[in-house]
Structure formats: C-alpha cells, structure tokens
Amino acid sequence: MAANKEAIAIVVDVGPSMNQAPEGETTALQTAIEAITMIVQRKVFAESKDEVAVILFGTADTDNPLANDESYENITILRPLGIADFDLLNLIQNDIQPSNMSADYLDALVVGIDHLVNATQGKKGFGFKRLILMSDLGGEFGDDQIDTIINGIKGTGTELNVIGPSLDDEDDNDSEKPGPSTISNGHRKERTAQQRAGEAMLRHILQEVDGECYSFSEALPALSSFQSRQIKQTAWKCQLEITSGIRIPICSYAKLKDFKLKQSWKRVYAKEPSEEVGTLRTYHMNDEEETEVDREDMIEGHRYGNTLVPMSEDDKANMKYKAEKCFKILGFTKPENVKRSHYLGDGSSFVVADKGDEAAAVALSSLVQALYETNMVAIVRKVYNAASGPKLGCLIPHIKADYECLLYVELPFMEDVRQFTFGSLPITKDNISTANSKFAPSDKQLDAVDKLITTMDLCQSQGDEEEEDKDEEEEQTEYLKAKSTFNPHFQRLYQCLQHRGLNPDEPLAELSPLVANYLEPPQEILSRCEEHLERLNKVFKLEVVKKKEEKTGENQFKESDEGEAGKAKKPRLDDDLEGGMADITRAKVTEVGTVTPVEDFVAFINQKDEDKFEEASQQMQKRVEQIVLDSFGAQFYPKAMDCLQALRKHSIKKSEPGLYNTFMKKFKDVLIAKGRRDFWEQVVAENQGLISKMESEESTVSNEEAKQFVSEEEEKDEEEDKQDEGDDADDLVSNRDITLIFVPP
Amino acid sequence: MADFGFARYGEDEENEEDESDPQNRAGRDGLIFLIDCSKSMFDEGDDDEDSHFQLCLKCAKTTLQNKIISSDKDLMGIVFFGTEKSSNPSDFKHIFIYQELDQPGAPRILSLEDMTEEDAKTFSKEYGHNTGFALHEALWTCQNMFSNSSQKVSSKRVMLFTNNDNPHVSSQQLQRQARTKASDLSETGIDLELMHLQKAGESFDVSKFYKDLLFTSDDELTDLPDPAERMDELLNRVRTKDHKKRALRRIKLSLGEGLSLGVGVYGLVRSCPKPYGVKLNRETNEELKSHYKTYLKDTGEVLMPQDLKKAQTYGGCRILFEDDEVTEIKRFGESGLKLMGFKPCSKLKKYYHVKPAQFLYPDESTVIGSTTLFTALLKKCLERDVFALCRYIPGKNMEPRFVALLPQAEEVDDHKVQVTPPGFHVIFMPFADDFRKVKLEDAPRANKDQIDKAKELVKKLQFKFSSESFENPVLQKYWRNIEALALDRDAPEEMTDYTMPNEKGMEKRAGKIIQEFKDLVFPDGYEPGAKRKAPASADPVAKKAKLEGAVALLDVKKEAQEGRLGKLTVAVLKELIKREGIPASGSKKADLVDCINSYYGVS
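One line per chain: the protein sequences are A and B, in this order.
Heads up, the first sequence is in this note's numbering, so the first residue is 60 and it goes up one at a time.
Heads up, the second sequence is in this note's numbering, so the first residue is 6 and it goes up one at a time.
Everything labelled a hint here was simulated from the structure, so no lab data went into it.
Any given hint might turn out to be false.
As the list claims (entries may be wrong) - Here are the simulated lysine-lysine pairs, BS3-like style, with alpha carbons at most 25 Å apart:
#, chain 1, residue 1, chain 2, residue 2
1, B, K593, A, K542
2, A, K325, B, K314
3, A, K459, B, K464
4, B, K464, B, K442
5, B, K593, A, K64
6, A, K296, B, K572
7, A, K316, B, K572
8, A, K108, B, K572
9, A, K398, B, K314
All values derive from a computational prediction rather than experimental measurement.
Turn these sequences into a full structure, and let the hints steer you where they fit.
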C-alpha cells in the first residue's frame with residue numbers, strides 16, 4: 060500500500076490579538092475557525108483516511124506532553140491525531156474559544172511537530188505531514204529554539220503552511236509607503252511591533268523550510284493546496300502506436316476530471332429511515348387494465364424510426380462492435396483543426412512514458428518536442444478496454460521546466476457535432492450586410508466596451524506601477540484562479556451535511572460568507588468599473604421584453620397552430636389534466652363553484668379573450684375558506700387543499716404571487732382564530748405557504764420571510780405536527796373520497 | 006421511454022426542473038422536401054453521373070436515415086412538383102405528394118431506394134413531366150401538410166430543390182402569387198430554404214426570382230451559398246439546415262448592476278450515445294409501458310414520493326434531507342450568466358476541460374438591443390484576445406460554475422457555407438475539486454537528432470483533421486445492423502472503421518522514417534512493454550516462493566485463536582484457505598478472516 064495518507068496538525072492561536080475586530084466584523088479567530096471547519100468538512104465528506112490534530116495556543120490551561128511548568132505553557136492539544144469525523148467538527152465548533160492569554164507561537168509549532176511525529180510513529184501509510192499555523196503573530200515569542208524548529212520541520216519532511224499575516228510587502232524600509240499594515244479579514248489594521256518581529260522570524264522560517272503563507276483574506280484559496288491528494292493517481296497503461304512499427308509503452312494519468320460526490324443520495328423511508336427500501340420496475344401492456352407482462356414474455360426491441368425491430372440475444376451479440384485496448388496514432392494535424400470548443404468527455408489527462416522505461420521516455424520525449432516545434436498535434440484512437448468503444452482524441456505537446464508529456468483530450472465523432480447556422484454578426488467590414496448593419500456597434504459603443512475590459516481585467520499587476528523593476532510574472536495577481544476556487548455546491552453540501560448531522564431538527568445552514576464572497580466579482584474591480592458600466596448603460600439601448608411576452612414560446616405555438624389548424628387541434632396534454640376536451644366544450648365559466656372548484660378555476664383563468672385571474676383568484680380564495688370552515692372535522696380538508704394547491708400553482712404560473720400572499724397572510728389568522736389550526740398545519744406540511752422570490756420573481760416575499768411565516772407556529776406544536784404530516788401523506792396516496800374518516804386528535 | 010442522441014439535444018440532463026418551460030421542451034421538427042420534377046432535373050451528366058433528381062432522392066434518403074439516428078420523432082415528407090400526375094387533397098395540378106408528413110421508418114427508405122434506382126424513363130412513365138405547375142400551389146400543399154399533421158410540430162421547414170432559376174418566366178401573375186404565398190409561409194412560421202442546383206455550364210441566378218421568396222430570420226441570416234453541383238455539397242447544405250436550432254435555454258448575461266443582455270445558449274457538441282432497446286411483448290411485438298415503484302423490503306408496502314427522504318451516511322450517521330432541501334442546497338440564485346471580469350486567452354490552459362462546451366448567441370426576444378452589445382463585446386474580446394470569465398447558473402435549481410466566454414469569429418468555407426458561427430463558446434472552468442495531482446518522475450529527454458527524426462515523421466503523416474470525417478464505429482455498426490433487420494436485407498451494409506489507422510498508407514508514406522526513428526531512439530533488441538529487470542521482490546516467481554514460504558510456517562488454527570489473522574495479507578489468507586481446504590467465499594479480507602474463524606470455531 061502506497062504511503063498516501065496525510066497527517067495534519069492544525070495549530071491555532073486563540074490569544075487576544077486574534078479576537079480584535081471592529082464592531083460587526085469577523086475576528087481573525089472566527090475566520091480561522093471557519094477555515095478549519097472547511098478543511099475538516101472536506102476530509103469528513105470525502106471519507107478521507109487522512110488524520111487531523113488540532114492544537115490551540117493561548118489557552119488558559121496547559122495540556123501537552125512537553126509542558127514542564129516553565130516552557131510550553133498555555134498550549135493545549137484539543138484533539139490528538141485521528142480521522143476527521145463529526146466529533147472533531149463538533150469540537151471545532153464549540154471548543155475553540157477566545158482567551159486573553161497569549162502564548163509563544165514557536166513553542167506551539169514545536170508541540171505540533173512533536174505530536175505529528177509521535178502520533179504517526181508505528182502507523183502505516185502516512186506519506187505526508189503538514190503543519191498549519193493560524194495566527195496573526197500577536198503574542199510574544201522566544202527565538203532560542205529557532206534552529207530546532209527549522210531542523211525539526213525539515214528533518215521530518217513536514218510541510219509548513221501559515222495562514223495569518225500578510226507577508227507580501229517585504230519592503231518594510233520603503234519610506235514612500237505608509238506604515239506597514241496587515242490586511243486581515245478585509246480591514247486594514249496597523250501592525251504592532253510585536254507582530255512585525257513575529258513576521259520577520261516567520262519569514263525566516265518559511266524561507267528555510269520552503270513553506271507557504273497566506274493572509275486570512277486568502278484563507279479560502281489557500282485551502283485548495285491542503286487537499287489535493289485525496290484521489291490516488293492511477294495509471295492507464297498501454298502502448299502508443301505509430302503503425303505497428305513504433306510502439307511506445309505509456310502511462311496516462313487523469314489531470315482534470317469533473318469531480319463527483321463520493322456518495323449519491325439514497326432514498327429512505329421517512330418514517331423509519333433504517334428500514335430497507337427496494338425498487339422494482341414492472342412492464343405493462345398498453346390495454347385498459349395495464350396487464351403486467353412477465354419477463355419471459357418480453358423481447359428486446361429497437362427502433363428504426365417508427366419501425367420496431369425485435370431482436371434476440373444472439374442478434375444482439377453479433378451486432379456488438381468489438382475492439383481491443385489500444386492507443387493508436389492516426390496521423391498528425393494542425394492545432395487549428397482541433398477546436399477547443401469540440402472537446403468531449405469530462406476531463407483531460409497527461410500521457411507519459413511508462414515508469415522506468417528509459418527508451419520509451421526518450422521516444423516519447425522526441426515526439427513531444429517534435430510536435431511542439433512543428434506546432435502540430437496528434438490524432439489518436441483510444442480504446443480504454445475491450446468492453447468500451449473506441450474514442451477519438453488528440454494529443455497536445457505539453458512542456459514544463461520539470462516535465463514534458465502529451466495532453467490527451469477526447470474529440471467528437473461526426474454524430475456528436477451539430478451544425479447550426481447562426482446569422483452573421485457585424486464584427487468586421489466583411490461581415491456587415493444590409494440585414495445586420497442595424498446591429499453594428501458605433502465607435503462610441505465599442506470604446507465603452509473597451510474601457511470595461513480594461514477595468515475588469517482579472518489579471519492585473521498588483522500594487523503600483525512604479526514597481527516595474529520587479530519580475531512582472533511574479534507580481535501578477537490573478538483573481539479567481541481555477542485551481543484555488545472550490546465548487547461552491549460541494550462546499551455548501553458539506554456544510555449542510557455537517558449542520559444536519561449535528562442538528563437533525565434544524566433547517567438548512569446558510570451559505571458560508573467565505574463561499575458567497577467569491578461568487579461575486581472582486582470588490583476592487585467592481586468599484587473600479589462602476590463609471591464604465593454607467594456609461595455602457597447610456598450608450599447602449601437595452602430594453603427588456605415584457606414578462607408577458609417572454610412566455611411567448613407557448614403562446615406563439617398556440618397562436619400559429621390556431622392560425623393553420625383552426626379548431627381541429629388535439630387537446631393539449633399539459634400538466635393540468637383538468638383541461639382537455641372537456642374544457643373546450645364546457646360553457647364559459649364565470650364562477651368558481653363548490654362542486655368542481657379546481658376545474659372551474661382553471662377554466663376561468665384560461666379564458667383566452669380576457670384576463671380574469673384576479674376575479675378567479677378571489678373567488679377561489681373564498682371557496683377555500685368556505686370549504687375549510689364548513690368542514691366537519693377534517694372531512695373536507697383534502698378538497699380544500701386541492702383548491703389551495705391549484706390556486707398557488709396558478710398564481711406562480713401567471714406571475715401573480717401578490718394576490719395569493721395577501722390572502723395567505725389573512726387566511727392564516729382566520730384559521731388560527733377559528734380553531735382550524737390543524738388545516739394550517741397541513742398547509743405548512745404541504746409547503747403551501749407564501750410564494751417566495753425563489754419561486755416567482757414578482758414576489759416581494761423573501762425566502763427567509765416565507766420560511767419564517769410557516770415556522771412561527773410550527774415549532775410550538777412540533778409533536779402534533781409530525782403526526783399530521785404522516786397522515787397527510789396517506790391522504791394523498793389513497794383515494795381521497797374514502798379518507799374522510801380521519802379526524803385529527 | 007427516453008429519446009436518444011440528438012433527439013434530446015435541446016435538453017440538458019440536469020435540466021429536469023426546467024421541463025415545464027416551453028423553450029426547453031424539445032418539440033418535433035417538420036421537414037418537407039419539395040422537389041422539382043421538370044425534365045431538366047433528369048438530365049444525366051456526361052459520364053453516368055447522377056441526375057439532379059437522383060441527387061435529391063439520395064439526399065432525402067440520407068436525411069431520413071440521419072433522422073432515424075438523431076431524432077426519430079421528427080416528421081418528414083416529400084412532395085414532387087412539375088409531374089404530369091397529381092395527388093394532393095386540393096386537387097392542384099402537377100403536384101404529387103409522394104410521402105406524407107410522418108415519422109421516418111423502414112418502408113419509406115425502401116421506396117426511396119427503389120425510385121433512385123429507376124431510370125428517367127420509368128419515372129416519366131409513372132409520373133410524367135409537366136411544367137404547367139404553379140409554385141404557390143406547391144407551397145400551399147406543403148403548408149397544408151403541416152397544418153393537417155396530427156402531431157404537434159414545433160418547427161416547420163420546406164426545402165425546395167430545383168435547378169431552374171426562373172420557373173414562371175412568362176407569367177407575372179404566377180410569380181406574384183408565389184411571392185405572396187412565400188411571405189404567407191414565413192408569417193405562419195414556415196421556413197423556406199432554397200436548395201438550388203446548377204446545370205452544367207449554366208448559372209443559377211437567385212436574383213431573377215427566388216430571392217424574393219426567401220425570408221430568413223435575423224439570427225440565421227448568412228450569405229446564400231453557391232448552388233450545389235455535387236452530392237456532398239448538397240448534403241452538407243441540407244445537413245446544416247435539417248434540424249431547427251433550438252436553444253438549450255434563453256438567459257441573461259449580466260455585465261453589472263442594471264446592465265443585462267439576452268443570450269441563447271446552444272449545445273453544438275455532445276456525446277451521441279447508442280440507444281437502449283425497448284421492451285416488447287414477445288407475442289405481439291407491441292411496445293410495453295414500464296412503471297417504477299419503491300417499496301419497503303420488509304412489508305412490501307409500496308411507497309409514494311411523499312414517504313421518502315434522501316440520505317447520505319457518514320461515520321454511521323445517517324443524514325436525512327427532504328427532496329426540496331436537496332434542491333435548495335443546489336440553489337445559488339437566479340439563472341443567468343454574470344460577468345466576473347476578463348482574462349487574457351493565454352490564461353485558459355489547454356487542459357482545462359471538465360465538460361463539453363456550449364455556445365452563446367444574442368437573443369433579441371428577451372432583451373431588445375442585445376445583438377449590438379453582444380457584437381461590440383465579441384469584437385473587442387477578439388481584438389484584445391481576452392475571454393470573459395462569468396458565473397453561470399443554467400437554471401434556478403442548478404449549481405453555479407465558472408465559465409470562460411471564448412470569442413469566436415465567423416468562419417465560412419469556399420462555398421460560403423458557414424463552418425463556424427460567430428459568438429462566444431462557453432468553456433467550463435474546472436474547480437479546485439476537479440484537479441488531480443499528477444506526480445511525474447524525472448525522465449530522460451530526447452536529443453536533437455531524435456527530435457529531428459520525429460519531426461520528419463510528423464510532417465510525413467500530416468492530414469487535415471475534421472470530426473466530420475470520423476463516424477462513431479459503435480453507432481454505425483449498431484445502426485447498420487438495425488437497418489438491415491428493418492429493411493430486411495441479407496447483410497448489413499459494409500462499414501469502414503475510420504478510427505483505425507491506415508496502416509498501409511502510413512507505411513508507404515513514412516516506412517523508411519519509422520525504421521530510422523526506431524533505430525535512433527530504441528536500443529538494440531528493445532521489446533516494448535517486455536518486463537524489464539525489476540527488483541527481486543516484484544518478480545512473480547520469487548513472490549510466489551516467498552508467499553509459499555510464509556504460508557508454510559504458519560499454523561492457521563493458532564493464528565486464528567490468537568486473533569492474529571487480521572495481520573496477514575489477503576494473498577497469504579487465500580493460500581491458507583487453499584491449503585487447509587477451508588470453505589470460503591468472498592475476496593475481501595474481512596470475509597476471509599471470518600471464514601477461517603468460523604472454520605476453527607473462533608469468534
């Protein structure tokens with residue numbers, strides 16, 4: 060077993076300087092906790108075998124094996140090295156508390172190294188050790204052990220990462236600059252002399268051990284480097300052939316691959332999650348009884364247009380395309396012939412010569428270099444294994460200072476590419492025609508766009524222009540680097556999994572601000588481009604087509620169909636099953652009755668000639684209220700609920716959430732006042748509360764408001780509520796007419 | 006049962022929740038081939054070339070076959086005009102509906118095949134020729150076919166095949182009527198495409214008559230291609246138009262607060278899979294419906310969606326969510342593209358690839374004025390060689406992804422047929438999660454001679470690659486077989502696997518260089534992939550011996566009793582099981598240990 064596990068000691072400063080922040084802003088410690096939580100979350104939910112220890116310094120108490128009443132005071136091993144789990148997440152959440160003690164960060168590092176070494180001793184599989192220090196270096200420190208530390212880190216092959224001070228501007232003696240300051244958490248804070256001394260020392264250490272440092276504001280991007288080894292590198296071995304004459308043994312490693320969650324969602328029974336749930340697919344004839352057909356009475360068929368072709372197992376076996384594993388070059392071509400927008404598949408990989416085969420390495424190297432120098436790429440047929448079909452791919456030379464390889468990406472077949480014709484756009488003079496000249500941008504407009512591009516450049520040189528003498532490459536900061544941007548969905552999911560795991564009864568956790576932050580353009584850039592955006596707004600005339608017309612897809616079809624087909628049209632089988640022929644033949648509806656309120660309502664609002672929604676909605680509201688209040692016990696509740704659901708659905712569909720929301724607010728009070736809380740609970744259970752902005756853009760009710768609206772009452776009667784929920788579900792399952800016996804307790 | 010291949014092209018697999026949006030409901034395309042059957046269409050070329058009419062039929066047949074593969078729900082029809090005989094519901098003269106608008110299927114292809122093989126005389130006998138037709142009546146017939154179709158057609162297109170640039174030269178009235186009808190068609194949403202052919206030594210002047218019949222919507226307006234002379238040209242033109250382009254979605258691209266333009270997102274490339282079979286009733290060959298149900302294993306009780314929650318399990322802790330909570334976790338705001346900033350194109354690394362790209366084109370139907378701003382943006386991005394980095398939320402319940410909007414200028418081929426449309430490619434950026442760390446070892450590099458030889462090789466084996474010339478052999482094999490069964494042929498059509506290297510050709514072109522290259526880079530007697538001298542431990546024979554040695558020394562029973570089995574390797578455990586004849590199953594270590602323990606009665 061390869062040594063690919065990682066042992067991580069996170070050393071966190073909880074001392075006083077970590078806890079200072081202006082009103083309303085997060086402290087460095089809070090950011091640190093958030094960052095640690097994320098590191099650990101990713102380990103837990105990726106089911107990583109890596110082990111994590113958490114060590115605090117600046118604690119009131121002392122708990123570490125090195126402490127001897129004189130040194131290593133106020134350092135606590137909160138949690139010894141172990142696999143990341145819920146307990147650890149809990150500890151991080153609850154047991155990292157600010158203190159007023161300050162402790163020596165160098166001492167804490169020593170404790171960290173010591174712990175890493177001792178705790179991994181005798182355990183197999185630890186290939187990497189990592190020490191993460193989170194501190195703003197506000198506390199005092201003694202430098203007598205500095206060499207021990209450096210040697211310790213080097214000697215044990217540990218990687219040191221620091222999240223804390225910003226060590227970017229090394230030119231402390233630059234007199235032109237205002238006093239050095241540290242950007243921590245977005246607010247600038249004057250550095251104390253103590254911090255400066257601490258930084259100088261840290262810089263020395265980092266230099267010696269080749270470690271890395273990130274400021275708190277960069278904490279999130281920094282995390283990416285902590286978790287790159289979760290997937291073991293596996294090689295696909297084959298021989299690269301250029302005719303049968305040249306065969307080069309190669310390995311191919313995935314470089315990028317669309318990351319999928321470790322676990323997929325499993326369906327469980329809500330009432331009793333531990334019971335096993337099975338799934339079954341059954342086949343039925345198209346007759347009225349939907350007679351079920353046994354497996355042995357079935358045969359596989361394949362469509363050829365509207366012709367169905369039955370096929371035996373033998374036919375099927377004969378028809379299969381058989382291929383052998385291979386990696387064969389078909390020829391070479393110019394890179395222009397391989398369009399980037401044509402890349403297929405879900406990743407890219409690096410192809411290198413087989414490990415330890417020097418002749419192969421030389422052969423591949425000459426090919427890589429030759430392709431690079433002639434500016435060509437290779438087209439290759441790849442068969443992953445005998446069970447998979449051949450793929451077409453291209454090999455692009457990829458040369459770096461310390462390695463060279465071929466980059467493999469899958470290309471489409473003829474069947475995979477769709478040729479659509481799009482109108483010419485007036486980009487150059489050649490493209491301008493009489494038809495599209497009306498779209499040609501003016502010089503003024505072009506200039507405005509040009510300025511926008513300049514101001515919204517995400518790869519600007521950092522700092523001032525005068526620093527030109529520095530190596531430009533080095534100084535460039537690139538915002539939103541792919542490598543340091545996490546998929547926010549996974550991050551959010553981990554967060555929610557943790558939250559729900561620890562608090563099963565609470566609603567979902569809010570999105571972490573650290574994540575929400577990078578989903579918006581960087582603040583600096585936004586403020587810089589503001590004026591240009593305004594200008595763009597002035598020089599370009601943009602007019603949003605009204606919502607009503609935006610729904611045209613449907614309307615247009617309807618209209619054009621009518622134009623040609625007249626009344627001979629087939630009934631539209633939309634989601635309202637109530638519609639159809641009956642709807643057409645029905646006399647014009649002007650009232651929502653009590654017999655078939657839902658049907659009436661739908662017919663009412665679908666009258667083509669005029670918009671009757673408001674009227675219909677009001678009548679429907681009245682009906683719902685009446686049915687509920689007239690109900691004997693819960694007798695008519697299902698019917699009322701049907702009405703309410705229809706009303707809500709169509710309010711969203713017709714972009715009229717306001718009417719429903721106003722009604723719902725009043726209705727809730729009515730229900731509670733008239734002792735119909737049981738119906739209200741059904742409303743909550745069925746999610747028939749307010750229509751939030753999420754569901755309808757026209758709504759003025761925020762998501763939180765909508766949630767609050769239904770939760771206010773809910774919490775009090777939780778017990779009761781749960782039971783209702785269960786019974787409700789039964790109502791929906793069985794025929795509604797026969798569930799009238801149910802009376803709530 | 007789902008549709009396959011390009012039939013589902015307008016949908017995104019993650020797009021379930023958007024299905025209620027009519028824009029995303031992939032409708033059927035309706036396509037009518039309207040073929041001129043005047044005498045000149047049957048003129049044969051000099052050396053037994055196909056007549057124009059034969060070209061059209063072949064084109065129709067290929068299109069039918071392609072439709073079956075790509076979108077078999079589409080409807081197609083074929084109408085002849087300029088025949089002596091007539092067959093149409095309005096009793097128009099010299100217009101013959103050869104195939105009604107319907108789904109493609111085997112019988113239609115067979116009948117087209119038969120007709121292609123007939124010679125001009127047979128056709129004359131069966132259908133005759135007559136130039137007394139009226140074009141507007143032909144168009145009317147097509148329009149009627151669309152409106153009488155029992156199936157809902159969401160896009161309607163007529164392709165008019167002719168080699169006569171002025172059919173109603175002597176009648177102003179007929180010309181006017183044709184123009185009126187053409188504009189009528191355009192207004193009812195039927196596209197008319199001219200597939201003009203050119204007689205040898207003559208030219209086809211569109212401006213004489215047809216120009217006024219063609220109404221193309223702005224977003225498809227390109228220069229009219231040259232008239233086709235050959236089959237492949239004609240086919241190529243038909244291919245670019247035989248499907249209505251349908252946006253995956255129409256969303257907004259926001260450049261900043263209060264500044265948004267409308268764009269359509271299109272899929273231009275996507276893996277076309279081999280279709281699954283359907284289940285038929287063995288006796289009647291009728292298609293069966295399937296139902297899916299979830300039940301409790303214990304009691305067999307059938308569960309409804311409301312009874313279910315979603316769960317993941319970590320460290321023995323089962324974490325439950327409601328369905329809509331799982332959706333909520335994915336929700337990051339309104340759908341659309343949001344500009345984050347610009348980066349030089351060089352920052353878009355070649356290996357940044359996690360998903361097939363999409364394509365953006367302005368959409369005036371959501372925001373008027375979008376095209377101008379889009380064009381300005383495209384022009385400037387091209388000039389400055391930058392891409393726009395955007396946050397992309399395709400649908401409101403879909404997770405965000407960062408994308409690079411890569412500018413693309415229009416490209417046309419020699420016949421003015423658009424090869425690459427103008428717009429932005431949407432390249433999906435990877436997230437940190439998607440990167441794998443690849444650790445490569447230091448390897449020896451090639452010297453100049455070796456590289457030079459490789460360069461010679463590369464130059465010799467150069468070709469012009471295009472995906473268009475590579476069919477997917479798996480799909481082709483499948484369809485040819487299905488086709489043979491459907492059309493009752495003796496054997497499936499021969500298939501060339503273009504993904505196999507042309508070994509002979511390559512030998513011929515570069516045989517000598519290949520040999521020289523081998524001599525330069527490989528040591529004498531080099532056998533690729535042969536086991537190199539490896540350390541003793543990796544030697545399979547030595548390994549086996551070592552294993553046997555270890556096994557021989559062990560007293561299984563004792564090891565089991567003292568609970569040390571877990572310390573042994575799987576290989577040793579297996580050996581032991583074999584040696585002692587312990588009944589065992591499974592291959593996991595825990596299983597093996599359990600088997601041994603239970604054999605010796607150790608718990």
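So, going through the hints one by one against the coordinates:
1. Only pairs whose Cα atoms come within 25 Å are accepted, and K593 of chain B paired with K542 of chain A is rejected, the gap being roughly 37 Å.
2. Simply put, K325 of chain A and K314 of chain B have alpha-carbon atoms about 8 Å apart, close enough for the 25 Å limit, and the pair holds.
3. Restraint check: the Cα-Cα separation between K459 of chain A and K464 of chain B comes to about 24 Å, which is no more than 25 Å; the hinted pair holds.
4. Using a Cα cut-off of 25 Å, the hinted pair K464 of chain B and K442 of chain B is violated, with the two alpha carbons roughly 34 Å apart.
5. Of the pairs offered as hints, the one joining K593 of chain B and K64 of chain A holds, with about 21 Å between alpha carbons and a cut-off of 25 Å not exceeded.
6. Proximity of K296 of chain A to K572 of chain B is assessed by CA-CA distance (about 31 Å); at most 25 Å being required, the pair is judged violated.
7. This hinted pair does not check out: K316 of chain A and K572 of chain B have alpha carbons roughly 36 Å apart, beyond 25 Å.
8. Distance hint between K108 of chain A and K572 of chain B is fulfilled; the C-alpha atoms sit about 19 Å from each other, no more than 25 Å.
9. A threshold of 25 Å between alpha carbons decides the hint, and for K398 of chain A with K314 of chain B the separation of about 44 Å lies outside it, so the pair is violated.
Violation of the numbered hints given earlier is confined to hints 1, 4, 6, 7 and 9; the remaining hints are satisfied by the structure.
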